[in-house]
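Here is how the chains run, residue by residue.
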Amino acid sequence: MAGLFIDDAQIAEARRLAHEITNPIFELIDRNTTVSTERTVLRLFGLNGAGAGGVPLVNLMVDKLHSAGVLNRGAAYWYGRALQMGAASPLDAVERLTTLSAADLGPLSPEVEGNLRAEVRAEARAAVGELRRRISEREALKAEFPMSPTPHKYVIVATGNIYDDVDQARAAAQAGADVIAVIRSTAQSLLDYVPHGATTEGYGGTYATQENFRIMREALDEESRKLRRYIQLTNYSSGLCMAEIAFCAAYEKLDMLLNDAMYGILFRDINMRRTFIDQYFSRRICALAGIIINTGEDNYITTADAYDSAHTVIASQFINESFAKRAGLQDEQLGLGHSYEIDPARPETLLLELSQAMLVRRCFPDAPLKYMPPTKHKETDIFFSHAYDVMADLVAVWTRQGIQLLGMMTEAMHTPLLSDRYVALKSAAYIHRAARGIDGEFTVNPDGKIAQRAREVFGKAMELLGECHGDGIVAAIGRGRFGDVKRSETGGKGLEGVVEKAPDYFNPFLEILEA
Amino acid sequence: MAGLFIDDAQIAEARRLAHEITNPIFELIDRNTTVSTERTVLRLFGLNGAGAGGVPLVNLMVDKLHSAGVLNRGAAYWYGRALQMGAASPLDAVERLTTLSAADLGPLSPEVEGNLRAEVRAEARAAVGELRRRISEREALKAEFPMSPTPHKYVIVATGNIYDDVDQARAAAQAGADVIAVIRSTAQSLLDYVPHGATTEGYGGTYATQENFRIMREALDEESRKLRRYIQLTNYSSGLCMAEIAFCAAYEKLDMLLNDAMYGILFRDINMRRTFIDQYFSRRICALAGIIINTGEDNYITTADAYDSAHTVIASQFINESFAKRAGLQDEQLGLGHSYEIDPARPETLLLELSQAMLVRRCFPDAPLKYMPPTKHKETDIFFSHAYDVMADLVAVWTRQGIQLLGMMTEAMHTPLLSDRYVALKSAAYIHRAARGIDGEFTVNPDGKIAQRAREVFGKAMELLGECHGDGIVAAIGRGRFGDVKRSETGGKGLEGVVEKAPDYFNPFLEILEA
Amino acid sequence: MAKEKQLLRAYGDRRDDGMVQLSFTFPIPLSERAKEAALQFVKKMGFADVKVHSAEAVADHFTFFIVYARSTLAIDFAEIDVPELVVQKMDFDQVNRVIEKQIGRKLVVFGACTGTDTHTVGIDAILNMKGFAGDYGLERYPGFDAYNLGSQVPNEDLIRKAIAKSADAILVSQVVTQRDVHKDNSRQFIEAAKAAGIHGKVLLLLGGPRVDHKLATELGFDAGFGPGTKPSDVANYVVHSVLRKQGKESGSTHYQGEPG
Amino acid sequence: MAKEKQLLRAYGDRRDDGMVQLSFTFPIPLSERAKEAALQFVKKMGFADVKVHSAEAVADHFTFFIVYARSTLAIDFAEIDVPELVVQKMDFDQVNRVIEKQIGRKLVVFGACTGTDTHTVGIDAILNMKGFAGDYGLERYPGFDAYNLGSQVPNEDLIRKAIAKSADAILVSQVVTQRDVHKDNSRQFIEAAKAAGIHGKVLLLLGGPRVDHKLATELGFDAGFGPGTKPSDVANYVVHSVLRKQGKESGSTHYQGEPG
Ligand code: B12
Ligand code: B12
Ligand SMILES: Cc1ncc(COP(=O)(O)O)c(C=O)c1O
Ligand SMILES: Cc1ncc(COP(=O)(O)O)c(C=O)c1O
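Protein chains in written order, with the working numbering: chain A, 1 to 515; chain B, 1001 to 1515; chain C, 2001 to 2260; chain D, 3001 to 3260.
The hints are simulated quantities; they were obtained by calculation from the structure and are not laboratory data.
Glycine included, every Cβ here is placed at the ideal spot set by N, Cα and C.
Check the hints yourself; a few may be wrong.
These stretches of chain A come out as covered by chain B in the derived footprint (C-beta under 8 angstroms, 3 or more residues) [unchecked claim]:
(1) 385–396
(2) 422–430
(3) 436–444
Here are the computed distance ranges between Cβ atoms for each label pair [as the list claims (entries may be wrong)]:
(4) D/GLU3191 - C/LYS2044: 34 to 42 angstroms
(5) A/LEU191 - D/GLU3191: 19 to 27 angstroms
(6) B/ALA1143 - C/GLY2150: 31 to 39 angstroms
(7) B/ASN1445 - C/LYS2044: 55 to 63 angstroms
(8) A/GLU13 - D/GLN3094: 52 to 60 angstroms
(9) B/GLY1440 - A/PRO365: 23 to 31 angstroms
(10) A/ARG479 - D/GLU3191: 32 to 40 angstroms
With the rest of the complex left out, here is chain A:
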């Protein structure tokens, strides 16, 4: 995206500020682990069953270690201990560990200790190898059936029942969808475990479970072959189980994940420390698995005003980018979120929206970006809503968004009907076809409203980055700088799951992923 007349140097400065803003958070991340990070370690070793009442085995084991106060050495270490005690299988390992008394958890000789770690490291390498092999299958399918040109048309399914979701996902793919998102049940982000198995009941969405992922990806693989066009699948790596879901998704070959360094804090009232720590491991897994993350800055302007708070989106994107890069993600994996949300009752909103989308493109030229449609100001007048969405389709193709969530004409009423998706896909295909290449047709006037607005928004974003840099991101969040939502460092859910690492904390996966 040429133009917009913001210096490269200024953009570099924004990046530098963001990096320094995340520095103290990385100290926190280095020093601590969480119950869900440790559960993810166990899942990586292959523990994926559930015990009585559907409690996942990894929860049984980690809760046990946590209540015994020994989780600070790392679940991998205890997994090694169980193996060393002769556990025949991961399941057996859990059983052994969960029956141990606190006394049995005492230290070993350095030599035994060393062997144990070596053994566990080897197993971790094997597990990562297996994961890479699975990912390469996905990549092969993608190579065989190339995707449509961008913007990739992204629609959600949200029936609550994975089998109904499959029907609808197939239908959406046939109608032209490039990406299917299975919306989660509304309560899931607050669950401190990942439900197990195929599920058929959920509110406002379907539970994210490894089995549901598998079922859906299998259906979409089939559909991709049939349509000779690779269909991507995405889900949510947010809430209290960011990293575990990232693992399930990686293992089941998902293509993208909603994954944001701050969304859980702001919109789910999840504890700040917990989220910062969890997001890191989750992103390390995404980096390994070639998963594109989708961040959630678009949410800020559903609670705050989209015109007044446009700069908060930009500032947050730089911060999210820094978190992501430091977790090993590449530019092409950064579906930074933004959206077409300015109140349509205002004048010149198309200019404002173009300005904002061009600005995001200018700041992140190599990222796919994730563009959200209007939602907050949608009306129950479906005809108007449809017209409104169409303008977002135009901005998306104009500013070369990689991933575009399609607006639904019934947004203000209910999760989409099958036909709503069809209507959205058909119109978006028309707009994309009609306008593709339009960005090459015009030069933005340096003194026009679009350019001026972009400079103004960028300027305010720099100020906000300056504030976060000076006072710390924690303080900025405390002041409600993002989405008008205020959160404190020790408030919110899940702080009890944060554990300071012992000096001999052991996590062979992190060793591999950070290598």
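With chain A held as given, fit chains B, C and D with the ligands onto it using these hints.
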């Protein structure tokens, strides 16, 4: 509209060619009159009643003169004769004339003849004065209640019943319409008379009658006052009664008229000579009455392909402009027609449509222009059709169209429902509001597809103008150059109504209007 | 043998949820009472779970409603009959070959958009060289002699000219349908055809965006063709009908795309 | 006295033409039979002149239909009742004045979006300073003490905290409605309120985009508020209800905007 990189000199050349193309037609016009032109003369004198069976008095009188073979001296002359014979009123004049035998129509002494003409001229001046006074009332209302900014949102009503039309026109005005068009009944253009009185039955539209005009304008005057926003009214000055309808419209203070120098020939198979002669007088009246004409080039690309025949629209616009200017119309009265009709299944149609609309703007910078929505490729999928219309809304505001017909989502089904207009008006208001000023934000790239396409279309238009110049417009129409429709000079309806003027042909209105 | 029932319900976002979207206008001002009236109106149609999602004042005295509701009705799909296809649709070459071999002369067809209707695009699509959607028009078939008289043609003229060339089929197009003008004009055509003594002899085809086979036959035509008709559909129909008339094909065989 | 009938029919483009637009999906592939089934479906609802204008294959096994048809049904508008308004709605200042003069103390209100629902924008619009559509939120009223606990609040927590401050009213917001989760959660709230002994004592208000007064009262709340509710509507309701409870106003007077 800056850019598009077509030399002013080339545009001037197109204009020069068009002028030369219309030269021979103006010879034809000078030499001939028609039954409908003569009926208009009588209407101007105040003859507007109907006789038995609803036959308009002007038809009775002109038919009589025509069959007696004396129409070539002009109806005004005979009207004078009747007055001179002591007719107390126009009605009386008709009665006197229609009862005369051929023998009674012989010549008078030069002196009597001279007095007669002087008297009739005085009456004509008075009639024109009264017309001007009526028009000034309209202008005063417009000044008191200024119109909305352009594009003026134009919608049609088409119930067949003038009273239902009024209900719907008021509703449309309240929903944001700036211009109301009352569509005529499908057969009216082939009628060689203007029906009389208020009408309540019509197919596909409502009869254009002077009384219907009055009823509707009165309702809209009221609505304009209520809404404090002047609402314009338009109708059709096409078919076999172009000038008569122009008079009725002028008298009833209409604001615009569909009026094209060639539409009747091509799309109604009306004789070429008849149309060329009729259009001239009709446009003289429009010029006087400050009526904006809307031409019909958009129709060409409902029969011919809009991509392949884009240049025929441009060439015809130059010709229509020449006809109009030579009839005294000003730039601000030229609603030259064009439309958003390229098959949406093609790629890059938005670029193509922008190119075409910008080109028209470039060629006619001071004309309001009349922009039509997609119609031919409209689908019965109303949601898609609505999205498709929305893009035309965007192009309209982008290229500063003065008059924009709003697309209807049910275009492919039926004449619009009340709610269809509402849906169209609400979305168009949003698009206009959102995008107003967008043309000032960008510079068109000189080597882009938009600019290249504009140059290509303009080049082909020049070729076509060249052909019309070389071989004559009659030959070009004969080859189906416009709208893929072939017509011959002596084919079609209404040639029998063309009359070669006698040397002493008398038309005091033309004298005034041409002065 | 009774067919097995196959109950069909509307699908919103899950099987059999019955979801239907409606919109309509009432000629009354927007008010709470108006909304309640809309709700009652839709309930009266037999809908459950009626949600009047949107009610907007489209004008002083008109309110436009958008409603989603669940229909409890089901249709037994097994009961819905359409004729069985036994013959494949012939392509361009096959049509011409059959005409040459089995009929042995060119088939003559006349077409026009009659009455006051000026819409020629539809009849042109069927008759002219270019055809429609990549499918050639009848003019291009060596097996047909096609005459297209254009639009605004009086029914009597069309019939007279067709008789003069011993037409096998007459094609009438009707596009404007407001106040059922197409039906009135079509009836008038049939009267004229009867008067001219060709009804039941020359194939009479009606077409247009609001035409279907049922309507056309009710009006007295032999067949009706609606939106999306391809010239080859018409070619197939004419050829098969002529063969049947000549006793060269049984009336009980049906072919793909046959109007019915 | 029997009211005069006032029959209301849908208006397409002329009075009483009955025109209604419908769209729906059938879980079957697109075919002529599918179109016929759609036609039968709409006829079965009691429509006449049914036109299945569009039938599109939205997927292998789903067809989406767009239909226009004429409903022969009429609603007697005279029969549609809504409560009569006798009291004018009070504005910001009037509300505060009435509280000061007639109640003599601040009214305490607690609100939250409860259960697993995280949508705060609605309850914030009612309670926070800023308010909604230019109408100030209850926080800004000198006459109210407003506590907004935010979202994802367990019903029990909200009730406990409200009791601790002797709240006059509790405001529950519910936005997610899929599979009627809002109803389940609302019922659970009422259970908890009963258990805590405040049901029938503290005013219980339910609000959200799919809420209306009828639903709310069925669920056991005192009142329900739907889309577009303004904070001042809620202020009016609370003040009038408290006055009625205190016997300072009769329950038979109704005011503008009163839920009912
Ligand atoms: C192009 C067009 C015009 C052009 C016509 C140019 C021309 N020479 O044909 C112009 C601009 C001149 C025009 C004028 C008018 N039009 Co017009 N027009 C249309 C438009 C946009 C497209 C029609 C079309 O070309 N379709 C494409 C062809 C290929 O489709 P088709 O006609 O359905 O034909 C197919 C089949 O039906 C079938 N078929 C058709 N005929 C036959 C015959 C036989 C024998 C067979 C076998 C098959 C067959 O095969 C064809 C190929 O598949 C439609 C709206 C729309 N999108 O449908 C309005 C539309 C048809 N017009 C309409 C009206 C009202 C008019 C006017 C009366 C309005 C006015 N006063 O301005 C005028 C006057 C016309 C008149 N008296 O007839 C209305 C009709 C409303 C109704 N249902 O009654 C429509 C629906 C627009 C609207 N929503 O108001 N129009
Ligand atoms: C903003 C928004 C969000 C934001 C919420 C931010 C926040 N902190 O509030 C974010 C992005 C986080 C979000 C998330 C989700 N959302 Co959401 N969201 C919306 C959206 C776009 C706007 C809602 C809104 O703010 N409206 C504006 C306010 C002012 O209106 P309101 O809530 O109706 O409130 C008014 C009245 O109802 C009333 N009122 C409301 N409450 C009360 C209470 C009382 C006592 C009173 C008196 C009055 C009152 O007064 C208010 C002012 O008039 C809607 C779609 C839409 N356009 O409606 C979807 C929508 C509500 N969300 C939906 C869903 C499904 C979700 C998710 C579950 C999806 C997912 N998995 O991603 C998540 C999770 C949320 C959860 N578990 O609750 C669905 C709900 C479907 C349904 N009917 O069940 C909707 C309808 C979108 C859709 N079509 O799918 N969402
Ligand atoms: C980054 C991110 N995560 C998650 C979600 C979904 O919310 P939850 O999973 O908490 O219900 C969203 C909302 O769209 C989001 O943007
Ligand atoms: C210039 C012009 N005149 C007239 C008409 C209407 O056609 P008619 O009045 O012949 O029915 C049109 C079509 O839209 C037109 O463009």
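Against the structure, the hints come out as follows:
1. 385–396: Our answer is that it holds, as 6 residues pass the Cβ test (under 8 angstroms) against chain B, meeting three.
2. 422–430: n = 4 at 8 angstroms, threshold three: holds.
3. 436–444: n = 8 at 8 angstroms, threshold three: holds.
4. D/GLU3191 - C/LYS2044: 34 to 42 angstroms: Since D/GLU3191 and C/LYS2044 have Cβ atoms about 36 angstroms apart, the given range 34 to 42 angstroms holds.
5. A/LEU191 - D/GLU3191: 19 to 27 angstroms: holds (23 angstroms)
6. B/ALA1143 - C/GLY2150: 31 to 39 angstroms: violated (47 angstroms)
7. B/ASN1445 - C/LYS2044: 55 to 63 angstroms: For B/ASN1445 and C/LYS2044 the Cβ distance comes to about 59 angstroms; the hint holds.
8. A/GLU13 - D/GLN3094: 52 to 60 angstroms: This hint holds: roughly 54 angstroms between Cβ atoms.
9. B/GLY1440 - A/PRO365: 23 to 31 angstroms: holds (26 angstroms)
10. A/ARG479 - D/GLU3191: 32 to 40 angstroms: holds (39 angstroms)
Comparing the model with each earlier hint shows a violation of hint 6 alone; every other hint is respected.
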